[in-house]
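If you're matching them up, the sequences are chains A and B in order. Under my numbering, the first residue of the first sequence carries the number 1, and numbering increases by one thereafter. Under my numbering, the first residue of the second sequence carries the number 1, and numbering increases by one thereafter.
Everything labelled a hint here was simulated from the structure, so no lab data went into it. Check before you lean on any hint, since a few could be wrong.
[Said to hold, decoys possible] Label-pair ranges, simulated between beta-carbon atoms:
| id | chain 1 | residue 1 | chain 2 | residue 2 | range |
| --- | --- | --- | --- | --- | --- |
| 1 | B | VAL72 | A | LYS362 | 52 to 58 Å |
| 2 | B | GLU20 | A | GLY127 | 39 to 45 Å |
| 3 | B | ALA59 | A | LEU142 | 35 to 41 Å |
| 4 | A | PRO348 | B | GLY29 | 18 to 24 Å |
| 5 | B | PRO36 | A | LYS108 | 24 to 30 Å |
| 6 | A | ARG383 | B | ALA59 | 34 to 40 Å |
| 7 | B | HIS31 | A | TYR169 | 55 to 61 Å |
| 8 | B | PRO36 | A | GLY339 | 54 to 60 Å |
| 9 | A | LYS376 | B | GLU20 | 50 to 56 Å |
| 10 | A | TYR169 | B | ASP6 | 48 to 54 Å |
| 11 | A | LYS33 | B | GLY29 | 18 to 24 Å |
We treat Cβ as the ideally placed atom computed from N, Cα and C, and that holds for glycine.
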Amino acid sequence: MSELINNREVDVPEQGRRQAMLKEIIKELHAGKSVEEVKARFAEAVGDVTVEEISAMEHSLMTEEGIPVAEVQRLCSVHTAIFKGSIEQIHRSSKAEEQPGHPVHTFKQENREVELLVNFRLELHAGKFATNDSEEIIFKLLEDLSLLLDLDKHYSRKENLLFPYLERYGIYGPTKVMWGVDDNIRSMIKEAKAALSSYTGNREEIGSMLTLIIQEVNEMVYKEENILLPMALDKLTEDEWVKIARESDEIGFCLTSPVEEWIPERAPEPEGAVVEETEEGLSPQGFIRFETGLLSLHQLETVLNHLPVDLTFIDENDVVRYFSHGKERIFARTKAVIGRTVQNCHPPQSMHVVDKLLQDFKAGRKDAEDFWIAMKDKFIYIRYFAVRDAEGTYMGTLEFTQNIAPIRALEGQKRILSE
Amino acid sequence: MDKVLDSNDSIFNLVSQYPEVIDIMVELGFHDIAKPGMLQTAGRFMTLAKGIKLKKMDATVVKQAFERQGFVIEI
Numbered sequence: 001m002s003e004l005i006n007n008r009e010v011d012v013p014e015q016g017r018r019q020a021m022l023k024e025i026i027k028e029l030h031a032g033k034s035v036e037e038v039k040a041r042f043a044e045a046v047g048d049v050t051v052e053e054i055s056a057m058e059h060s061l062m063t064e065e066g067i068p069v070a071e072v073q074r075l076c077s078v079h080t081a082i083f084k085g086s087i088e089q090i091h092r093s094s095k096a097e098e099q100p101g102h103p104v105h106t107f108k109q110e111n112r113e114v115e116l117l118v119n120f121r122l123e124l125h126a127g128k129f130a131t132n133d134s135e136e137i138i139f140k141l142l143e144d145l146s147l148l149l150d151l152d153k154h155y156s157r158k159e160n161l162l163f164p165y166l167e168r169y170g171i172y173g174p175t176k177v178m179w180g181v182d183d184n185i186r187s188m189i190k191e192a193k194a195a196l197s198s199y200t201g202n203r204e205e206i207g208s209m210l211t212l213i214i215q216e217v218n219e220m221v222y223k224e225e226n227i228l229l230p231m232a233l234d235k236l237t238e239d240e241w242v243k244i245a246r247e248s249d250e251i252g253f254c255l256t257s258p259v260e261e262w263i264p265e266r267a268p269e270p271e272g273a274v275v276e277e278t279e280e281g282l283s284p285q286g287f288i289r290f291e292t293g294l295l296s297l298h299q300l301e302t303v304l305n306h307l308p309v310d311l312t313f314i315d316e317n318d319v320v321r322y323f324s325h326g327k328e329r330i331f332a333r334t335k336a337v338i339g340r341t342v343q344n345c346h347p348p349q350s351m352h353v354v355d356k357l358l359q360d361f362k363a364g365r366k367d368a369e370d371f372w373i374a375m376k377d378k379f380i381y382i383r384y385f386a387v388r389d390a391e392g393t394y395m396g397t398l399e400f401t402q403n404i405a406p407i408r409a410l411e412g413q414k415r416i417l418s419e
Numbered sequence: 001m002d003k004v005l006d007s008n009d010s011i012f013n014l015v016s017q018y019p020e021v022i023d024i025m026v027e028l029g030f031h032d033i034a035k036p037g038m039l040q041t042a043g044r045f046m047t048l049a050k051g052i053k054l055k056k057m058d059a060t061v062v063k064q065a066f067e068r069q070g071f072v073i074e075i
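So here's chain B without its partners, still in its complex pose:
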């Protein structure tokens, strides 16, 4: 069964559901999220969609990276 992510859900929620999300994010360049305390604080307000916008990332690249790990994601 596919693991579905909502890019407008908080990163904290996504990671609590699927811990591997954090590794994929770091690999994509979201380094700050791995720093101590980030997930429990900023992560509660940050969403994947906002992060992509902030870091001016290519949504397709992000999508593909998640798909390779078996996630379906709507951006």
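Chain A with its partners taken away, still in its complex shape:
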């Protein structure tokens, strides 16, 4: 309906008259007239109506006529029957964050799933476990905890997509504290899983771990919805939410995923507007002259993304400047980290390691440092290099991450092409 009407063409007095008429009709409904009766009058009197008008009317019913919110909601289905639209459509225009696909909507949707998992399944199984530590119950608990580990994606989106924007508005403290708690919850779930998979009869200990997990997960839901998300809604612009929504896929979703892409109600972006502003006037079609050759920006970018390693470069001020984007990044990076200092891109727990390393690089005490971690079927080799110019001045640090499991598995030799 709404797309057929250009709202701006309706002059204001006309809109006011329609509003009044709509209100009259709704009031008649509330007074007990049948839907059929009113429907006819409605069609005759008003004709087409926009979603905005219905929202405005619902709003004025609540504020001016004193009809309780709950009552208006209860009658929504009746309104819907009359106005032929879907409830989603009616409520769509009210608030952006209540629309499917909006990052806040997605976060909340995930929280509902998490609550179901934690407060029903996990709670139930933990309760049974207190009196019965059979293999079957242990298996159920392991299953619940594995599902709950999906929270990692919810938390990662918060930390890597939402926090950077909040930091742009000068909000650091709460995000750091929350990140610390997120990490705590992640490790508690992992610990409980480990304890259950090698169960040694320590029933009470595991029982209290589970209780703590349930409590902490619930508290985090509360904090997100009562503090973090309202705060973010207060600060972030619609454009920023759109960016967050677009980059969310990169990290993934927890237990559920948005059913549709969120399209804000506004003028569509002009063609080509997606092209980011380029630095120093260098056009995306430009060429880069190296000492040893000439590449177009497109060639260079494609080449870097074909390297079987993940690259991230931070400048001399610890600001993330670039990351390569190969097919399978080992550690998720989103565009939101660009321009953010590295201290805000690492979990607080590992920050001291990063700080120490950067200090050593800057002071010239070290030029490189390697770490390696076994992670599932991957063996991850993470190398850091201090990048210095010809005079030895520190220009930044290059992180070079590679899955070397296939390389470590090589044996013998290979000298002919495989078929």
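Please build the complex by placing chain B on the supplied structure of chain A, with the hints as guidance.
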């Protein structure tokens, strides 16, 4: 004259009115509120009532702590 606090008002408002509120809160166990940036951000959305619920505190204990410092508070 008694200093009256509304537990449904934001912590930011309460503290701007009576700075000593923050010390009482920390003493009660609301440690996060003293961390940098917290008051100006989360504090604007958080109320004392929500905090008590979140931390599962005993409302009477909180009430008494404030009363000792000369506050009247409705929870």
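- A:LYS33 and B:GLY29, beta-carbon distance inside 18 to 24 Å? violated (56 Å)
- Distance restraint hint 50 to 56 Å, applied to the beta-carbon atoms of A:LYS376 and B:GLU20: holds (52 Å)
- Check the following: the C-beta atoms of B:PRO36 and A:GLY339 are separated by a distance inside 54 to 60 Å. violated (22 Å)
- Would you say the C-beta atoms of B:HIS31 and A:TYR169 sit inside 55 to 61 Å of each other? violated (24 Å)
- Query: Are B:GLU20 and A:GLY127 spaced within 39 to 45 Å by their CB atoms?
  - Reply: holds (44 Å)
- Message: A range of 24 to 30 Å was offered for this pair. Does it hold for the Cβ distance of B:PRO36 and A:LYS108?
- Response: Holds: the Cβ-Cβ distance is about 28 Å, inside 24 to 30 Å.
- C-beta pair A:TYR169, B:ASP6: status relative to the range 48 to 54 Å that was hinted: violated (27 Å)
- Starting from the hint 35 to 41 Å, judge whether the C-beta atoms of B:ALA59 and A:LEU142 obey it. At roughly 38 Å between Cβ atoms, A:LEU142 and B:ALA59 fall inside 35 to 41 Å, so the hint holds.
- Message: Please check whether B:VAL72 and A:LYS362 have a Cβ separation lying inside 52 to 58 Å.
- Response: Check passed, 55 Å falls within 52 to 58 Å.
- Query: At the C-beta level, are A:ARG383 and B:ALA59 separated by a distance inside 34 to 40 Å?
  - Reply: At roughly 55 Å between Cβ atoms, B:ALA59 and A:ARG383 fall outside 34 to 40 Å, so the hint is violated.
- Query: When you take the CB atoms of A:PRO348 and B:GLY29, is the distance between them in 18 to 24 Å?
  - Reply: holds (21 Å)
Checked against the numbered hints above, the structure violates hints 6, 7, 8, 10 and 11; every other hint is satisfied.
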